[in-house]
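Protein chains: 4
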Amino acid sequence: MAVRVGVLGATGAVGQRLIQLLEPHPEFEIAALTASESSAGHTYQEAAKWRVDSPIPDEIGEMTVTATDPDDVPDDVDLIFSSLPSSVGAEVEPGFCEAGYIVSSNSSNSRMAADVPLVIPEVNADHLDLLEVQRDERGWDGALVKNPNCSTITFVPTLAALTEFGLEKVHVSTLQAVSGAGYDGVTSMEIIDNAIPYIGSEEDKLETESRKLLGEFDGAELNQNSMAVSASCNRIPTIDGHLENVWVETEDDLTPEAAAEAMESYPSLDLRSSPDPLIHVFDEPDRPQPRMDRTLGNGMAIAAGGLQETPFGLQYNCLAHNTIRGAAGASVLNGELLLENGYL
Amino acid sequence: MAVRVGVLGATGAVGQRLIQLLEPHPEFEIAALTASESSAGHTYQEAAKWRVDSPIPDEIGEMTVTATDPDDVPDDVDLIFSSLPSSVGAEVEPGFCEAGYIVSSNSSNSRMAADVPLVIPEVNADHLDLLEVQRDERGWDGALVKNPNCSTITFVPTLAALTEFGLEKVHVSTLQAVSGAGYDGVTSMEIIDNAIPYIGSEEDKLETESRKLLGEFDGAELNQNSMAVSASCNRIPTIDGHLENVWVETEDDLTPEAAAEAMESYPSLDLRSSPDPLIHVFDEPDRPQPRMDRTLGNGMAIAAGGLQETPFGLQYNCLAHNTIRGAAGASVLNGELLLENGYL
Amino acid sequence: MAVRVGVLGATGAVGQRLIQLLEPHPEFEIAALTASESSAGHTYQEAAKWRVDSPIPDEIGEMTVTATDPDDVPDDVDLIFSSLPSSVGAEVEPGFCEAGYIVSSNSSNSRMAADVPLVIPEVNADHLDLLEVQRDERGWDGALVKNPNCSTITFVPTLAALTEFGLEKVHVSTLQAVSGAGYDGVTSMEIIDNAIPYIGSEEDKLETESRKLLGEFDGAELNQNSMAVSASCNRIPTIDGHLENVWVETEDDLTPEAAAEAMESYPSLDLRSSPDPLIHVFDEPDRPQPRMDRTLGNGMAIAAGGLQETPFGLQYNCLAHNTIRGAAGASVLNGELLLENGYL
Amino acid sequence: MAVRVGVLGATGAVGQRLIQLLEPHPEFEIAALTASESSAGHTYQEAAKWRVDSPIPDEIGEMTVTATDPDDVPDDVDLIFSSLPSSVGAEVEPGFCEAGYIVSSNSSNSRMAADVPLVIPEVNADHLDLLEVQRDERGWDGALVKNPNCSTITFVPTLAALTEFGLEKVHVSTLQAVSGAGYDGVTSMEIIDNAIPYIGSEEDKLETESRKLLGEFDGAELNQNSMAVSASCNRIPTIDGHLENVWVETEDDLTPEAAAEAMESYPSLDLRSSPDPLIHVFDEPDRPQPRMDRTLGNGMAIAAGGLQETPFGLQYNCLAHNTIRGAAGASVLNGELLLENGYL
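Respectively, the protein sequence lines represent chains F, G, W and X. Its first residue numbered 1, the first sequence is counted upward by one per residue in the UniProt record's numbering. Its first residue numbered 1, the second sequence is counted upward by one per residue in the UniProt record's numbering. Its first residue numbered 1, the third sequence is counted upward by one per residue in the UniProt record's numbering. Its first residue numbered 1, the fourth sequence is counted upward by one per residue in the UniProt record's numbering.
Quick caveat, the hints were computed from the structure, so don't treat them as lab data. There may be inaccurate statements among the hints.
[As the list claims (entries may be wrong)] Below, computed lysine-lysine pairings styled on BS3-like, alpha-carbon distance capped at 30 Å:
#1 W:Lys-205 with G:Lys-49
#2 W:Lys-169 with G:Lys-205
#3 F:Lys-49 with X:Lys-169
#4 G:Lys-49 with W:Lys-49
#5 F:Lys-169 with G:Lys-205
#6 F:Lys-169 with G:Lys-169
#7 X:Lys-205 with X:Lys-169
#8 W:Lys-169 with X:Lys-49
[What the hints assert, rightly or not] Calculated from the model, a selection of chain W residues having no Cβ within reach of chain X, i.e. all distances over 12 Å:
#9 Glu-62
#10 Thr-66
#11 Pro-94
#12 Phe-165
#13 Glu-207
#14 Glu-261
#15 Ser-265
#16 Tyr-343
#17 Leu-344
Just so it is clear, CB atoms sit at the ideal spot from N, CA and C, and this is done for glycine as well.
So here's chain F without its partners, still in its complex pose (with noise of 0.2 Å):
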């Protein structure tokens, strides 16, 4: 029996991108729609400005959108998908946790707390367990996970799959799209013919998420990982996709064909939404790209390629769906961890 799920913000642009892959997802149905005040009681066809590139579910555009708020949401909802602006997502995420419900968050509120759990289910499922000590930290009933920045998701898995060639630098530079920031965050007038080689707060983010992510949970602390992490970020004209330049110094020697295969045998999990194999590595020094490769996995899967040495250690470029796999999917297959692990 499917497990009855809500979302928050469910009128965003990462809101609808959940509606999308919530909709025929047998393993979970989708229960609750919150919103704005200004939504809240009009029906889903009503409230959202729907922008996905596939029509409203039937059932769904006819559902009522309830506020964004504890208790407006049924009691036999057990799973909140929150996509929510930071403030927001700060604001009313603890009363859901409080109130009961696991929350699987996108919203970028907390993710760096040293009680909330951090993940990307390929990449470090055991920092689930990072939730008993929130339980016993702030005596929730629910708990609260979140899934990384899209930026920082594009190229984690790929340094996940060298930890063992011993991480020490890392020099990223980013080609993100313009769904990275909402759908009014850029303006046209901004970036047609035009890059911009800023976006506030990202460069953090990829600094310091990925040392979390790829850091030890001793079961009762989690300690980051030593590499460094300098990144620079542009937005650039595409639709989705964000591509990422790294470089890697490496403790041990690491050549492009021993990166090639330690990317490409990097396990993908058990999970319905985790793609096989989780990162595809090209062998056209042109690739990846993003209008070409970014539907991988069904938007899912990491795509490499461009590997080659340099002075400074190992280059490579990567690539990955920012509002499916760095959004949205990545809500859902923390939801999928969360059910394979008994939370729900």
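Assemble the complex: chain F is given as a structure, and chains G, W and X must be docked to it using the hints.
Same frame as chain F, now just chains G, W and X:
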């Protein structure tokens, strides 16, 4: 009295920009236009598919195009601007030099030859003296001077401003405009809603040309700069303007403030096409941007911004107009330097 | 048992789409792939620069490409899909027909020939009977069927739905995607931040093909529709999906409501690739839009919207996916019609 | 001595263009800049998010912005340029006129009012005499003159050149740049790889404003032109430059040659911003194009091309720079006309 000049490859994309810059230039007078055999004998108007955003100057349109052969160029022409595919350049440029012409070339052939000066006037004007070595060795009456690749020109002036701090390691990621590949170089289906993380031979150009440009000429030999450079090159959907993310590690401490001051105070030259300031440093973290800033200094300035400290030294972004400062304008400026130094 | 089919021009842009559609098709089995002499003898993987957004099917990648010659195609192939440059099509298609193959062709040659059926199955399936005339006249065992140009296919189904009102005058302005020109047809420098108000021969195709498609076949001869059509064609920076603005003046009164009902109730066919509904009519005035709506009905539906009264009759907009419904899918659908009608 | 002028809505997209055009203008001197209450009291540098591709002039950057109120504008200002949202324009412009200011406005409010001249100087300068009627009726010391909408300005001059042939029916399809919607008007996710066949109220503006512009003022009343116009408007991914496809049916025979001659010989005016020729007619069938031709005549020329006969009269394409000729430059030109006619 104006120096009479010829343009080799006058119908190509850079050739058109050369004409646009040379036609109003008070020190130069266009006296010869060459192109492939099939264009020879036609008027320029007939031969060129003009694509620059100002009309063909009338007198130029009526000039007759000749083959790219020293015998077809009038004897009273002194200076040749060359923008040919490198294989053609390698074949025909030596013949012009032997025939006594001074050649300022944008073609990539011979850029790394030991006796060919590769020059950005504001950076290494003194390398021009290599021409004495060149004439001795080759027995030419003429001479061959090269300007670097467009993506090299974009970041080298900013590094030149920092040499006093002792350059050690440079990582650079580029976001390059489609015009850098020539008019037919990138199809629309390749690049709309996309990015390509590979440009053939480009990374090598940034890595080797930069070390030559910042090297020292001791009167007999050119010693390359000892810094190590690694480049990762990307094509993005912009028309003009290469944007680059740079990390530089130096021997001495280098704060963003000191770097900004060094860049802003880096001298321009008293040549007509050299902008003042040479390097424009933005305080706004989201600048420079291609569409907004590529025309600074009539397309001849370098823009920089986003200076910040990282675990790996200084990080910043820089930008230049790739077909003006990075190609046609670079050749014209070298022509002005040759004139200033008595070669014409 | 599946019909064995061959694809002429299999490495081209439409050829690749044909393979993408045919490979999973239960009624057809790809048994031959042809291309130019230089590709013959290589595997398809080697010969094609694959650019479709799903990987090359494994078995297809390993097939050996042959020259485009009936002698090189296995005898047990019954149906040929052709997508060749029109000059090549004009040269080789008749040979295949003589050799007994049924050819469903997207190439523009012979579309207006009096004995060649030009068919959109949902619009004029009865024109297929022209093949009897064709075989009589040409003495072929095989047969040649054409689908119209992509921009013609976009608006003709909507006109077909309105024929009962008496079509008199049609003005149509097109906003066409770059893929319609083939992979190398439009350079990025031509179209980024630009539009081109001209596509060679395109206007004529809309004007003449539409009148043939909506004409009447009396068993012996095809009488063209008497409406007058004037087209103005533009290329814009979209990847896929032709959008068209149409004004239609009719003999009888035609309200937007009546037109919408006629379009929505216009029947699809019981063929695998014919979508139901054929024409999707939007209420939202700002639809259809290329990126949002081109994949309706797996890229085989026609989208319409913005229906309104004007001083010059009905005005509306329509859209179709130009490389699926407008090219590869159109040929496949004609193949299905040929199968249904006993030609295979 | 220069006329002192004020700019209402100086921080907006058109306001910035107005400053760019007025600052170097020898006949006008910027003496007042107004914006919303929240900007008042700040320097222009602080208040404006400057987005034009030339730096803010120094003196302008240091001016203090005031509220948009006649009491806050110095008394020695004579001419007001207004580019406000129409609801704001409707509210504040009459107050400026009452207070004695001459207002040249780009805002869409009151354009169709019977006593408000809607003027393109080269087309209907004589309509300026409507100001006598306006002053009589409204008792203003000041006066209100409007320029039309950007998409109207693009095609009306070409129609004006053809009036002698007797304009009867006009169909026009527009391909409009994103800057026409203001800086935040079109998001990148709406328009990259897309087109939108709808711009709110735009079609009505082309249809009604064109008939007023080409109407006749008999000294007392303005009689609209009797032609019928139907417009279909589209937004496409270009930054600047509206391209339009026009069909025009005339009473008298009109060949493409006669039309081209009428357009090319249509007179410009002896005003500083009026280009000569006003209309540039291209022979090349693929011109005009937005990126190539929008800066003709410093952005003030109209470009036309593709003239051909159709079953429905003459078909051609035209283009103008929407934020220069279509907005800021249009207002400045009306200011020059007001000066020439003794209103200042």
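Okay, the hints, checked on the actual structure:
{"no.": "1", "hint": "W:Lys-205 with G:Lys-49", "in the structure": "27 Å, holds"}
{"no.": "2", "hint": "W:Lys-169 with G:Lys-205", "in the structure": "59 Å, violated"}
{"no.": "3", "hint": "F:Lys-49 with X:Lys-169", "in the structure": "38 Å, violated"}
{"no.": "4", "hint": "G:Lys-49 with W:Lys-49", "in the structure": "28 Å, holds"}
{"no.": "5", "hint": "F:Lys-169 with G:Lys-205", "in the structure": "25 Å, holds"}
{"no.": "6", "hint": "F:Lys-169 with G:Lys-169", "in the structure": "13 Å, holds"}
{"no.": "7", "hint": "X:Lys-205 with X:Lys-169", "in the structure": "16 Å, holds"}
{"no.": "8", "hint": "W:Lys-169 with X:Lys-49", "in the structure": "49 Å, violated"}
{"no.": "9", "hint": "Glu-62", "in the structure": "33 Å, holds"}
{"no.": "10", "hint": "Thr-66", "in the structure": "36 Å, holds"}
{"no.": "11", "hint": "Pro-94", "in the structure": "32 Å, holds"}
{"no.": "12", "hint": "Phe-165", "in the structure": "18 Å, holds"}
{"no.": "13", "hint": "Glu-207", "in the structure": "8 Å, violated"}
{"no.": "14", "hint": "Glu-261", "in the structure": "21 Å, holds"}
{"no.": "15", "hint": "Ser-265", "in the structure": "23 Å, holds"}
{"no.": "16", "hint": "Tyr-343", "in the structure": "37 Å, holds"}
{"no.": "17", "hint": "Leu-344", "in the structure": "38 Å, holds"}
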